[in-house]
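Please construct the entire structure, taking both the sequences and the accompanying hints into account.
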Amino acid sequence: NAGVTQTPKFRVLKTGQSMTLLCAQDMNHEYMYWYRQDPGMGLRLIHYSVGEGTTAKGEVPDGYNVSRLKKQNFLLGLESAAPSQTSVYFCASSPRAKNIQYFGAGTRLSVL
Amino acid sequence: DQQVKQNSPSLSVQEGRISILNCDYTNSMFDYFLWYKKYPAEGPTFLISISSIKDKNEDGRFTVFLNKSAKHLSLHIVPSQPGDSAVYFCAASSQTGANNLFFGTGTRLTVIP
Numbered sequence: 019n020a021g022v023t024q025t026p027k028f029r030v031l032k033t034g035q036s037m038t039l040l041c042a043q044d045m046n047h048e049y050m051y052w053y054r055q056d057p058g059m060g061l062r063l064i065h066y067s068v069g070e071g072t073t074a075k076g077e078v079p080d081g082y083n084v085s086r087l088k089k090q091n092f093l094l095g096l097e098s099a100a101p102s103q104t105s106v107y108f109c110a111s112s113p114r115a116k117n118i119q120y121f122g123a124g125t126r127l128s129v130l
Numbered sequence: 163d164q165q166v167k168q169n170s171p172s173l174s175v176q177e178g179r180i181s182i183l184n185c186d187y188t189n190s191m192f193d194y195f196l197w198y199k200k201y202p203a204e205g206p207t208f209l210i211s212i213s214s215i216k217d218k219n220e221d222g223r224f225t226v227f228l229n230k231s232a233k234h235l236s237l238h239i240v241p242s243q244p245g246d247s248a249v250y251f252c253a254a255s256s257q258t259g260a261n262n263l264f265f266g267t268g269t270r271l272t273v274i275p
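First to last, the protein sequences are chains A and B. Residue 87 in the working numbering is what sits at position 69 of the first sequence, and the numbering runs on without skipping anything. Residue 248 in the working numbering is what sits at position 86 of the second sequence, and the numbering runs on without skipping anything.
None of these hints come from the bench; they were simulated from the model. Check the hints yourself; a few may be wrong.
[Claimed, not checked] Computed spacing ranges between beta-carbons, pair by pair:
hint: 1; chain 1: A; residue 1: 62; chain 2: B; residue 2: 270; range: 11 to 21 Å
hint: 2; chain 1: B; residue 1: 164; chain 2: A; residue 2: 100; range: 15 to 25 Å
hint: 3; chain 1: B; residue 1: 236; chain 2: A; residue 2: 36; range: 36 to 46 Å
[Claimed, not checked] Quick partial rundown of chain B residues pointing at chain A, CB under 8 Å, derived from the structure:
hint: 4; residue: 194
hint: 5; residue: 208
hint: 6; residue: 211
hint: 7; residue: 251
hint: 8; residue: 255
hint: 9; residue: 257
hint: 10; residue: 260
hint: 11; residue: 261
hint: 12; residue: 262
hint: 13; residue: 263
hint: 14; residue: 265
hint: 15; residue: 266
hint: 16; residue: 268
We put the CB at the ideal spot given by N, CA and C, even for glycine.
Here it is, written out as structure tokens:
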């Protein structure tokens with residue numbers, strides 16, 4: 019059982035480049051989330067989705083876009099990367115009826 | 163403004179002794195609280211949770227205590243083991259909406275053999 023899988027695991031971008039982070043879950047969870055973790059700041063919610071075709075902003079959404087075209091996938095896009103987006107990104111999923119989130123292993127992104 | 167706070171960035175404990183990790187929150191709408199454990203280069207792993215209708219929840223060596231009037235919760239690990247060395251995050255949510263979690267900044271626990 020793979021759970022939540024994030025790809026890629028590492029990426030280095032130059033300022034202004036774009037990229038997409040992919041999250042896939044095989045637990046049939048309705049809800050999915052993207053977080054970023056920065057030193058000394060814990061995890062902060064970027065965007066989330068309560069179902070296929072729906073997305074909503076979290077605490078720190080600026081500079082990111084998301085899409086949930088399929089229930090099992092949640093994509094996080096950076097259209098024009100900035101050094102401030104250097105971080106570790108975590109995807110999570112949760113069943114609707116249970117207030118516990120299950121996390122992927124993370125993507126470490128560096129923007130130079 | 164940080165709604166969930168973990169004021170101790172680190173904690174060291176001898177193997178076999180009790181580890182106590184603390185967490186405070188400010189939002190009175192929070193009614194569900196969780197602890198996650200995180201090893202380096204891995205994602206957070208759910209450890210234990212508690213609803214606001216309870217003041218204690220126990221699972222093996224792990225116990226979470228909730229003091230609603232003080233807006234404070236704590237995680238007790240007894241006995242502590244070297245494999246417990248990790249970063250522990252406290253998280254809180256309101257059981258309405260999309261199960262969104264608000265995380266503390268984490269406490270790094272080191273269990274000394």
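Residue 208 of chain B as an interface hint toward chain A, with CB separation required under 8 Å
Since the shortest Cβ distance to chain A is 5 Å, the answer is holds.
Interface hint compliance - residue 255 of chain B to chain A, C-beta minimum distance less than 8 Å:
6 Å, holds
Tell me if the beta carbons of residue 62 of chain A and residue 270 of chain B are separated by a distance inside 11 to 21 Å.
19 Å, holds
Against chain A, run the beta carbon of residue 263 of chain B and see if the smallest gap drops under 8 Å.
6 Å, holds
Quick check on residue 261 of chain B please, does its C-beta sit within 8 Å of some C-beta on chain A?
5 Å, holds
With chain A as the partner, please determine if residue 257 of chain B meets the hint condition of a C-beta pair closer than 8 Å.
6 Å, holds
Please check whether residue 251 of chain B passes as an interface residue: C-beta within 8 Å of a C-beta belonging to chain A.
For residue 251 of chain B, the interface hint holds, since the closest Cβ of chain A sits about 6 Å away, which is under 8 Å.
Once the shortest beta carbon distance from residue 268 of chain B to chain A is found, is it less than 8 Å?
6 Å, holds
When the least beta-carbon distance from residue 194 of chain B to chain A is tested against 8 Å, hint result:
5 Å, holds
Supplied distance hint 15 to 25 Å, evaluated on CB atoms of residue 164 of chain B and residue 100 of chain A
Check passed, 23 Å falls within 15 to 25 Å.
Against chain A, run the beta carbon of residue 265 of chain B and see if the smallest gap drops under 8 Å.
OK, holds: residue 265 of chain B within 8 Å of chain A, min 4 Å.
Interface hint for residue 262 of chain B, Cβ within 8 Å of any Cβ on chain A
OK, holds: residue 262 of chain B within 8 Å of chain A, min 6 Å.
The structure agrees with every numbered hint stated previously.
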